[in-house]
Each structure stands twice: as structure tokens, then as C-alpha cells.
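The primary structure of each chain is shown beneath.
Protein chains: 2
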Amino acid sequence: MHVYIEDIGTHVGEQITIKGWLHNRRSSGKIHFLILRDGTGFIQAVMSKAGVGDEMFKAADHLSQETSVVVTGTARADQRAPGGYEIDVAELEVIGESHDYPITPKEHGVDYLLDRRHLWIRSERQHAILRVRHEIINAVRDFFNVRGFILADTPIFTPAACEGTTTLFPAQYFEDQTAYLTQSGQLYNEANAMALGRVYCFGPTFRAEKSKTRRHLTEFWMVEPEMAYADLNDVMDLAEALVVSIVGRVIDRRRRELKAIERDLSKLESVKAPFPRVSYDEAVKILKEKGLPFEWGGDFGAPDETTLSEQYDRPVMVHRYPAAVKGFYMKPDPAHPNLALNVDVLAPEGYGEIIGGSERLADLDLLLERIKEHHLPQEAFEWYIDLRRYGTVPHGGFGMGIERVVAWICGLEHVRETIPYPRMLYRLYP
Amino acid sequence: MHVYIEDIGTHVGEQITIKGWLHNRRSSGKIHFLILRDGTGFIQAVMSKAGVGDEMFKAADHLSQETSVVVTGTARADQRAPGGYEIDVAELEVIGESHDYPITPKEHGVDYLLDRRHLWIRSERQHAILRVRHEIINAVRDFFNVRGFILADTPIFTPAACEGTTTLFPAQYFEDQTAYLTQSGQLYNEANAMALGRVYCFGPTFRAEKSKTRRHLTEFWMVEPEMAYADLNDVMDLAEALVVSIVGRVIDRRRRELKAIERDLSKLESVKAPFPRVSYDEAVKILKEKGLPFEWGGDFGAPDETTLSEQYDRPVMVHRYPAAVKGFYMKPDPAHPNLALNVDVLAPEGYGEIIGGSERLADLDLLLERIKEHHLPQEAFEWYIDLRRYGTVPHGGFGMGIERVVAWICGLEHVRETIPYPRMLYRLYP
Chain A
1 MHVYIEDIGT HVGEQITIKG WLHNRRSSGK IHFLILRDGT GFIQAVMSKA GVGDEMFKAA
61 DHLSQETSVV VTGTARADQR APGGYEIDVA ELEVIGESHD YPITPKEHGV DYLLDRRHLW
121 IRSERQHAIL RVRHEIINAV RDFFNVRGFI LADTPIFTPA ACEGTTTLFP AQYFEDQTAY
181 LTQSGQLYNE ANAMALGRVY CFGPTFRAEK SKTRRHLTEF WMVEPEMAYA DLNDVMDLAE
241 ALVVSIVGRV IDRRRRELKA IERDLSKLES VKAPFPRVSY DEAVKILKEK GLPFEWGGDF
301 GAPDETTLSE QYDRPVMVHR YPAAVKGFYM KPDPAHPNLA LNVDVLAPEG YGEIIGGSER
361 LADLDLLLER IKEHHLPQEA FEWYIDLRRY GTVPHGGFGM GIERVVAWIC GLEHVRETIP
421 YPRMLYRLYP
Chain B
1 MHVYIEDIGT HVGEQITIKG WLHNRRSSGK IHFLILRDGT GFIQAVMSKA GVGDEMFKAA
61 DHLSQETSVV VTGTARADQR APGGYEIDVA ELEVIGESHD YPITPKEHGV DYLLDRRHLW
121 IRSERQHAIL RVRHEIINAV RDFFNVRGFI LADTPIFTPA ACEGTTTLFP AQYFEDQTAY
181 LTQSGQLYNE ANAMALGRVY CFGPTFRAEK SKTRRHLTEF WMVEPEMAYA DLNDVMDLAE
241 ALVVSIVGRV IDRRRRELKA IERDLSKLES VKAPFPRVSY DEAVKILKEK GLPFEWGGDF
301 GAPDETTLSE QYDRPVMVHR YPAAVKGFYM KPDPAHPNLA LNVDVLAPEG YGEIIGGSER
361 LADLDLLLER IKEHHLPQEA FEWYIDLRRY GTVPHGGFGM GIERVVAWIC GLEHVRETIP
421 YPRMLYRLYP
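Protein chains in written order, with the working numbering: chain A, 1 to 430; chain B, 1 to 430.
Looking at chain A on its own, in the form it has when it is part of the complex (with noise of 0.2 Å):
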């Protein structure tokens, strides 16, 4: 009976067959270890030579690494075992050989490695994070299903920049036309809202960004939830939720996986409602008290994000920045019309932002204005215009990054890691 690694413990002293690859193997004289993955873990196999007879042992003298096989045994628990389980082998079957696999336990560079991501995804610790990564996702998923919010689709090809085209990639549609790959569905979000209440969605999103930071792909994942009837505290109180229900959901049913990539659990366990919400102009004080060169009026880079993120044992939320270095659609505070209201969320250890959100602007007039003063051309942005024209109301969302979160929560230190196959800026392979 075939049987998935990760479900073994629910025959223990049974006669099962694992499909999988060998990992790894050590020998005694009389007995072969063999660690073999399927995909959904790890098990060691024994293999003696009294149990299986000479000639199926001498086989599997030279077996290498990343050969496929098929094993049957008896599955035993074992305390010592890494997993708890382990299977003494009665059969084994050769799938397919594996000569000369290029990963070897040596250390490799990581350009060797990202040349050979399809290959190197089979390694304990990248399968590991690629497995939190899948978590994390569905927790966002199951965060905004359960609360009604309605997966709204925005489109890649968009014909206009949300803001600006210095970041945009073009491709070309047909014959005369250019499409700009989506940098956020937000604009799209916000007429769905209008529509459906509470929306999200949840895509692939495109930055032409040159940098080569450990916090950039030009390929990238967000969720971007919009809420029609809702103000700047409502968004920070769902950004909120959600960072919580993410890291409790990860914690609760990937604790091996984190375990894997030695994770320090301690720093996620402490991420807890509530977060510390901190204005720019507090946030401003705290950068020039720890002695860094910051002007009041700018963002924030990310040696500033880092430093503030230091603060707290949790992620801190920054809010109401100055209205010049955001986004035309948000809304300025009527308290200080100056000031934008937004929200940065950034995440603690260091990892900085991780979302980014706002109260947008609902009023007809005021929006007319700021499209103006951004030189943004207004008949690309009719449409979005219309959402004032025709029963505006108060709304707001954000959108959070994947990646960055991935890379948070493993504890990784670069986002290249966080995606099955990463898109950078030399790298588009394979």
C-alpha cells in the first residue's frame, strides 16, 4: 500500500510502499541507512543485509543521490528518528538512476544553486520554505474567505501605471499596442469593492526595479484586500488580523518545516495583537534619537525601515505620512492635510515593509486635483474617476508582499529563496 511520508505514523506496523528519491545513505558493514523524501518528508530506511538477502543489499551498495525508487517495509516508530518513524526495507526498486547529481552536501554558491533551482527546490531546506510559503498563502486566503470578502480578479495587462511608468514593463500587444504589466491591482480593487463589498486579489505583480537588494524580485506575489465603507483604522485593524493569523497558522502546522531551516520560534510567537502604531512624525523622532541622518518629509529607505522595525518584539505600524512621497489616490488627513492617510506595516528583525496601505480619496473634486498636480494623464482615468461620480463612498485596503512575508517568517536573508523560480535582474533562468 502506497503511502506519503507525512501520513506514516498512521501505520505503524504495517506493511507499506514509499515512492520517493534517495536522499542520502550511509553504510555498515551489514546494514544500509537510507534517507529517502517523497515530497512530503523525510524518512530513513534499514536496510540489512539479513532482511533482504545479498544480492538486493550489494545493489543498493551504489545507489547515489536522487535515485528514484520505490521501497516497501514495515513502518516502526522511533524516538530518536528526526520524524519519529522509520521503515525496515524488505524490497527496493530503482525508478530511475541519478549519476553525478550536481548538488552535492558541499557548499555551492548561490549562483551555482539558482542555475540549478529546479534541482536545488529538492533540498530539505528549500522544499521546507517553498512548503511555509504554500501555508502562508492559503492562511491569507482562508483569512479574507471566512470574513466574505470575495476574490475579485484584477488584470495583468493594464493599459496605464497605477503610479508612474519608470518601473513598468511593456509587452507588446498585438501589432500596435502596449500592455504594461500590473504593479498593483488597487485601482481595479477599488471599482470591485464598489461592486462587491469586500474584495481581494491575489496575483503575480511587475517591477522594473534595477536594484539588486535582498528585498527585490521583479516577479513578485501580493494580496491586496479593498473594503468599501471603511476608514484608516479599519485597514489597520484587518493589515493587523491578518500578519497575526498568518504567523499563528504557521507556526501551528509547519513547525517541522521551521524547525528544518532553524527557525527561531521564540521571535514568532511574539507576534501578537495588539501592534504598536506609530505616526511618521513620532517615527521621525525615533530615527533622529538612534542618531540616523533622517529629514522629516522623505520615505522612509531601508536602513530607516530597519532600524524602527528594531524597536519591537512585533510588527509596527507607521502611519500618516507626509502626502508628497505617497500615491495620489489616498486621502489626506483632515486633521493635517499634509499628511497622507496610509499605513506602512514592518515586519520585526529587521525585514521592513511588508505592506502598504490607505484610506483612498473619495471625494470627486479633490481627486480631479490630484491628478492634475501628478501630471497623470486623466482620460487613462475616466473609469476611475467614475467610482467618484457615481455613489462614492469611504473606502480602503492595502496590499502585502508575499515574498518579504516568506522571507520574514523563515528567517531568510534574501527573497530569492521565498519563490520556486526567482525573477531578478540578470535572471530569468530557468
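Keep in mind the hints are simulated off the structure, nothing from the lab. Here the structure is a predicted model, which means the values were calculated and not measured. Worth double-checking, as some hints may not be accurate.
One copy or two, either will do: identical chains are not told apart, so a pair holds if it fits within one copy or between any two.
What the hints assert, rightly or not - Derived pair list, reagent style SDA-like, types lysine to any residue, alpha-carbon separation capped at 25 Å:
1. Lys326 <-> Leu287
2. Lys372 <-> Arg116
3. Lys30 <-> Gly53
4. Lys212 <-> Thr166
Since the structure of chain A is provided, determine the placement of chain B on it from the hints.
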């Protein structure tokens, strides 16, 4: 207390507040009947002159379609009401006005409506379709998640084509490179299945097809599962179970929406396992018997698929097509090497192909041969070939186009209504 219309059944007799828009209204001398919508549903609010006083009653006299309003009143069960409930209005506040809303209850042409798609989605019918789409997508994700499949996102930017380049959209990737927008995540899925066992990807895919048919969009969403250690029968079993699961869940949870779009539920209720499994050879016989001028050897066209699918009350699985008309990556049938071990699932009622899948070619030498025969650049596929060099295993999977499934389940004539912002040959706006 703010309540969403879909939750009103749990607040009968209470004073509640609805935040939404005026969808429609009619008045008799002393009563206004206001149809409100808030994105979660529609409800009639009854405002009597006696109940709200002359002034407020008169103010509501001229409320126009899509005015945003906050209405407070008492929820009341009413068997005659479409949703089963009504509200007796105590107070009404106008949030945003709406003058000359461009989509009226009269008939509009489809181009007129598509130009106003950001408003059209507020209509009862479009709103219902998008909610069914949401349910279908979540049914798909839950199906794979509960079975232990891992979501592994495949890249949008790809360096080479899966099957030729004529229908690819090129994107300028920084100064000097061209990236192609993905048509399928399959090849990457195969690598991911070797790492994670059972995987799926679910994202937008792109096809630069100039055909203006009712089945084609240039940008559409596709889910693609892939399983290691699986053969064609496993692929067919999985496809069948998925479709049954989706249809059952939509009937179960979106009955109100299906009723709003007047879908014949009996057609959906017959979608039960087992689906007929018909070989290509048998399918050709059926077409000839029906008088279609079809010759053995070609792929089916839309009229052929329509005729075939009309023979059954549920989806039909057609398997083992001539290898010559199918992808280079499909395993040939050992019994008849001129046939591919593939399957297409055709939806009933003439909706045609919704799923295409196969067992993949796992043999290294045969794959190298095929790549030559198809004049593909071997270098670009080296990483894919690696999967056969290092522990190859039998494996297979399929792709299912979401928009076609939505069109079929909702009984729509054209896929353009299945996604919030359809992208077609001449349509990039809004």
C-alpha cells in the same frame, strides 16, 4: 449595528444598519420601495411617510440609481421577498450622489457595457457571476489542499516557449532581453513535482491568439496540478474528482447566484462520477456517424468538441489522441506509439474543452529525440531534461482553464463575462 445583507437572517427584529447603494426604487404615494445592494446581496427597504416623517420621505423622492446610502431600520422576515427579508426604514443618509448613471435597466450593447465594465459589475447578474467565480476558485484550491498538494507558483516571465512561439506575448525585460509571458506552468510543475511530490500552480496565463471566439481571452487563469509517480489513469481520476467537487460545491453554496442568472440547475446536478472515457478513435467514429467531415489524425475543432460533448449529460474524457497533434512532452502509448497518453475533458452542453492533460515523457533518450523532431532548442530545455537525468519517475498532470469552467457552470455564451476585466484582441480598457 452594521450588518451585511447576506447575514440579515440572524438579525430579524433588530435595529440594524445597511451600508450600500440604491440599486432600484419604486414609489406609491406614501411608500418608497428601495432596493439596496451592499455587495453581499440585495434587499428591499420599505420607507413609509408615516415612519420617517415628511421631510426625509420627500428627500428620498429623487434618489437616483447607485446613490450610496446608509439605511437604518428593523429587519423583518417576509416570505414574499426574494431574499426572504425586508427592512422597515427608520433613517436614511445619503453618502454619495449619483447623477445620470450610465447603465440603466434598459438594454445596452455589449461594447457599451464592456467600456463600462467597472460599473457593469455592479449589476445583479454580473455580481452573481463573479461570486460563482470566487466559489469555483476556492473549490479548486480546497480540493488540492485537502489532498496534500503543495501550491508552487511557476514563473510568468519565461525565457522559452512551452509549445512554439507564435502565440506568445513578448515583454521587454530591461534593456536587452526578451521575456515571454507564460502559456502554461507545466514544465516547471514537473520539476516541482520531483521536489514536492504533488503540486499545483494557479495563476494567469497568456495567449496571443487573434481569434475572436466566445471561448478565448488573451489573459486567463489556469490551475495545473502535477503528480510524481502517476500515470494517465491517475490523471483522469484526478480530473474527474476535481470537476465533480467544483460543481457540487457551487450548487451547494451558490444556489442564490445561480438562480439570479437563471441557470438550469438540473443540468449541473447530473455532473456525477463516473464520466464516460472515450478513446480518440471512438470519438472519431461518433463524429463520422453524426455526419461531420472529420478525418482521423487531426485535433478536434470547436464544432467537433461541441458535437462530442452534446452526446453526454456530464463531462466526457477523450483520451489517446494522435501523438503528432499533441505536445512533445507527452508519453506515447506503449501499445500504440503513434498515440499520446493524454486526455481532454469536454464540458457538456457544447462548452468544449475545459481540461487538457497527459502522462509525461519520463524517458531521457525519447525526450531528446522529441525535442529534435520538434526543432526545439535543446539548450533552453536543459533544465527540463535534467528531470530525466536525476531520478526520473512516471508522472502526469493537467491544466484547467478557469474562465471556461465559469462560463459552463454559469451557462454563459461568452467567456468575457467570467472575469472582472476581460482582455481580448481589441480590449485593454478599463
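For each hint, the structure was consulted:
Only within a single protomer do Lys326 and Leu287 lie at most 25 Å apart by alpha-carbon distance; the minimum there is 20 Å, versus 61 Å between protomers. For the homomeric pair Lys372 and Arg116, the shortest alpha-carbon distance between copies (23 Å) is at most 25 Å, but the shortest distance inside one copy (49 Å) is not. Taking the shortest alpha-carbon separations for Lys30 and Gly53, only the intra-copy value of 11 Å comes in at or below 25 Å, while the best inter-copy value is 95 Å. Proximity of Lys212 to Thr166 under the C-alpha cut-off of 25 Å is restricted to the intra-copy arrangement: shortest distance 16 Å within a copy versus 33 Å between copies.
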